[in-house]
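*Asks:* Those protein sequences? They're chains A, B and C, same order as listed.
Taking our numbering, the leading residue of the first sequence gets 1, the next gets one more, and so forth.
Taking our numbering, the leading residue of the second sequence gets 1, the next gets one more, and so forth.
Taking our numbering, the leading residue of the third sequence gets 1, the next gets one more, and so forth.
Bear in mind the hints are in silico, worked out from the structure with no lab data behind them.
Quick caveat, the model's predicted, so the values are computed rather than measured.
In silico BS3-like cross-links for lysine-lysine, where the CA-CA straight-line distance does not exceed 30 angstroms:
(1) 149/C with 84/C
(2) 332/A with 345/A
(3) 345/A with 149/C
(4) 244/B with 332/A
(5) 65/A with 332/A
(6) 345/A with 244/B
(7) 37/B with 84/C
On the chain B side, residues computed to face chain A include the following (Cβ under 8 angstroms):
(8) 48
(9) 176
(10) 177
(11) 278
Glycine included, C-beta positions come from ideal geometry on N, C-alpha and C.
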Amino acid sequence: MYVAVKGGDAAISAAHGWLAQRRRGDESLPELSPAQIEEQLGLAVDRVIAEGSCHDRALAALAIKQARGDLIEAAFLLRAYRNTLSRFAACEPIDTGAMRVQRRISATYKDLPGGQVLGPTFDYTHRLLDFALAAEGLPPAEPEEADAAEATMPRVTELLAREGLMSRDAPGTDEAPPDLTREPLPFPTPRPLRLQSLARGDEGFLLGLGYSTQRGYGNAHPFVAELRMGEVEVMLAPAELGFAVSIGDIAVTECQMVNQFAGSAASPPQFTRGYGLAMGHGERRAMAMALVDRALMAQEMGEEATAPAQDAEFVLLHADNVEATGFVEHLKLPHHVDFQSELEKLRSIRARWQADRDAAPIQEAAE
Amino acid sequence: MNAITPRNAPGNTPEHAYNFAYLDEATKRMIRRAILKAIAIPGHQIPFGAREMPLPYGWGTGGIQVTAAILGPRDVLKVIDQGADDTTNAVSIRRFFARVANVETTTRTAEATIIQTRHRIPERPLTEGQVMVFQVPMPEPLFRLEPRLAETRRLHALGDYSLAQVRLYEDIARQGESGSAYNHPVMVGGRYLMSPSPIPGFDNPKLHNSPALMLFGAGREKKIYAVPPYTEVRSLDFEDHPFKPMRAPQCCSACGSATSYLDEIVADDQGGRIFVCSDTDHCAETQGQ
Amino acid sequence: MSAPLLEAARLQLRFGAVRALDGVDIEIFPGEVVAIVGESGSGKSTLLRVLAGAMNAEAGTVLYRDAEGEAHDVHALTEAGRRKLMRSDWGFVHQNARDGLRMGISAGGNVGERLMAAGDRNYAHIRAEAAEWMARVEMDPARIDEPPKNFSGGMQQRLQIARCLVTSPRLVFMDEPTGGLDVSVQARLLDLIRGLVSQLGLAVFFVTHDIAAARLLAHRIVVMRHGRIVEEGLADRVLDDPRHAYTQLLVSSVLAA
Chain A
1 MYVAVKGGDA
11 AISAAHGWLA
21 QRRRGDESLP
31 ELSPAQIEEQ
41 LGLAVDRVIA
51 EGSCHDRALA
61 ALAIKQARGD
71 LIEAAFLLRA
81 YRNTLSRFAA
91 CEPIDTGAMR
101 VQRRISATYK
111 DLPGGQVLGP
121 TFDYTHRLLD
131 FALAAEGLPP
141 AEPEEADAAE
151 ATMPRVTELL
161 AREGLMSRDA
171 PGTDEAPPDL
181 TREPLPFPTP
191 RPLRLQSLAR
201 GDEGFLLGLG
211 YSTQRGYGNA
221 HPFVAELRMG
231 EVEVMLAPAE
241 LGFAVSIGDI
251 AVTECQMVNQ
261 FAGSAASPPQ
271 FTRGYGLAMG
281 HGERRAMAMA
291 LVDRALMAQE
301 MGEEATAPAQ
311 DAEFVLLHAD
321 NVEATGFVEH
331 LKLPHHVDFQ
341 SELEKLRSIR
351 ARWQADRDAA
361 PIQEAAE
Chain B
1 MNAITPRNAP
11 GNTPEHAYNF
21 AYLDEATKRM
31 IRRAILKAIA
41 IPGHQIPFGA
51 REMPLPYGWG
61 TGGIQVTAAI
71 LGPRDVLKVI
81 DQGADDTTNA
91 VSIRRFFARV
101 ANVETTTRTA
111 EATIIQTRHR
121 IPERPLTEGQ
131 VMVFQVPMPE
141 PLFRLEPRLA
151 ETRRLHALGD
161 YSLAQVRLYE
171 DIARQGESGS
181 AYNHPVMVGG
191 RYLMSPSPIP
201 GFDNPKLHNS
211 PALMLFGAGR
221 EKKIYAVPPY
231 TEVRSLDFED
241 HPFKPMRAPQ
251 CCSACGSATS
261 YLDEIVADDQ
271 GGRIFVCSDT
281 DHCAETQGQ
Chain C
1 MSAPLLEAAR
11 LQLRFGAVRA
21 LDGVDIEIFP
31 GEVVAIVGES
41 GSGKSTLLRV
51 LAGAMNAEAG
61 TVLYRDAEGE
71 AHDVHALTEA
81 GRRKLMRSDW
91 GFVHQNARDG
101 LRMGISAGGN
111 VGERLMAAGD
121 RNYAHIRAEA
131 AEWMARVEMD
141 PARIDEPPKN
151 FSGGMQQRLQ
161 IARCLVTSPR
171 LVFMDEPTGG
181 LDVSVQARLL
191 DLIRGLVSQL
201 GLAVFFVTHD
211 IAAARLLAHR
221 IVVMRHGRIV
231 EEGLADRVLD
241 DPRHAYTQLL
251 VSSVLAA
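Take the sequences, apply the hints, and build the full model.
*Replies:* So, in structure tokens, the structure goes:
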């Protein structure tokens, strides 16, 4: 008997063996260690911790190695691992105002308290391939100002808010925030869940959507009020202690994007903000997230919502690349039962079509 | 933060690192509550906090979570994909449960207490006490007519299914018969329109008044729904254009069955075809008789 | 005379500073055609939407009496109850056919949908009814499988009317059904509506800014201005002997035209 896609057991084992070999590549070259990935492919690691929703750079580096550099696959590995961890508690909100800043820029003010800190950025590099990097060589020269700025820096949006020009977000409550990973998304979606969803959304998808708001699909006039990246302290208040203790530092990137708002009967014209936060160093992600966050407020602000980026169901249900890649790639699974029923259906419909044609009065061909 | 040591660090095998059937007990209870609600409201989609599973979305994460939540050590598990026990995805899921739950597995429909399936219902009539777990890619039967979940939820609440009926009217007006060959929507208990998952229309009648419990899990879409035993399940149709289950008109070239659902296999490059049972267990059983 | 089919009392609604409805009382009896006339912005379309329960007033009541004589507070109905009314006892003909038709679905499907929503599950019957109603609104039943976009604006309005009437409603709301059509097309459509209304004994609320249309169709005319009813009465009386200055202006402008 002919069997297609059967005897799957042996095939799966063989495929996994082959994959392991491919992962290692040419054995005459030294094997890459997760520590090397963590240190030298740091931005890949940062993307994986953001989309994997798990701030563990060592595990993310391992996932990148295991996934042969496929970052979506790596985020998937990290998520599946994260899901098995027990949940002890929620930390206190991180205070990005107290960030030990490595990079901080504002596009809305030439100078401001705390100053502009360019930091480790690709901005203003010339995108010329640096062939010196192809040769393993000396370490780069020590930068002049490598230490994080010590002074705390006020948030630009706060300067505007004090003047009443910027709407303030509603103060937080003591209620535990909703958790995207525990409950399915409701629609309409409250902002905390929208932000959670965007924070772990696919960077490419967010970038495309954010870009579309600048090109007229959503009528945005954004300014980067502030973009900052650096380390913040994570505080946890265990119930037994009754006060918060520091459990470590994490790097985050935060973007506050200023946008116009025409005002309504209830509120005067003022600036509004879109907010982006990425775990690790992820400026593109944080900026795109801030644009999309603002676009998603259209309905609440009584603005006309016509663009894809303003459509919460469309954005939030399609932003997750682990979900998206699974569903797109599941088309590789056998579908021959459904396809068979389509074949029979099409044959039946064609037979009916032919019968109708044959039954129609035959027109004599004109001689 | 490296405060937490990976539990599957070297020396700690995955078999020991995970709870029975992979999910932790709190998650299982959450899923079981959703299942109970689903059974109480046949055909109604219950949202649940679907977890990230170590298998990709779209590959059966909903079914796997449902199975994991109801699986006990004494259960006998059968997993099929396209009706067959030895298709790659069925093998992979069966391996997963054999590994994380160490339960007995079987390919025999008669012996199984839980049957997880993708795209088929076995040919052998199910019995009381058996549970079918369907993997569901898209639980919303109206999604091609109305993509907005907020709106479809309203239509379900109002029992307003004229949209689906109109679609069927259009199919018949255009081509003389229903256009859907698989995943043909059903009315459950005369109240809720439900996607039977992408089973061929041939299998739809098996849902009606089945002695077995039918559970449907959609992981990516985070929904669970159910058809309890002995529940009325009617395929959407018109009185004068009744729903017609279809199969290839041939006989199985392995067991000779003229009633089972068949896979069409291209046998040579001259367009030769042979037809064999899609349900491998049923085929083996018929051959043995 | 029997009790009113629908009666509204003391309706109030503001949009910001604008009074869209300011103490409106209105009623309609079985088989009666009531035209609501006024300039754009007079509140006539808002009134129609409030009467049909598609929009809530800030104050006032709308009562509908069903075939059994039971009165229902339209604004206290659940959405399910309102939708049930909308697909059984009521019909709504929109000014723009796009708002009243499914543009991706054939003419037959559009007319048949209301029957299916009312529970009809017989394909042949649904199709026969759809064809019959297309004929009654003077459309070619042979075009039953064509989508609305294949039809002209006037034909789309006929289709919308067929879709409304197929379930034999008792009360139909029409919002400028001839607006945006050519004058000759308008006249034929009005003629058709007049014929159907009298054959079927329908009650119709008919919103229009077109005095000539009101003269042709209505038994009674209600004149609105700034959210108030400034004059009402039998159609010929209001048109031939308008009392309110505003009505006189409206009527004379049509005479001038």
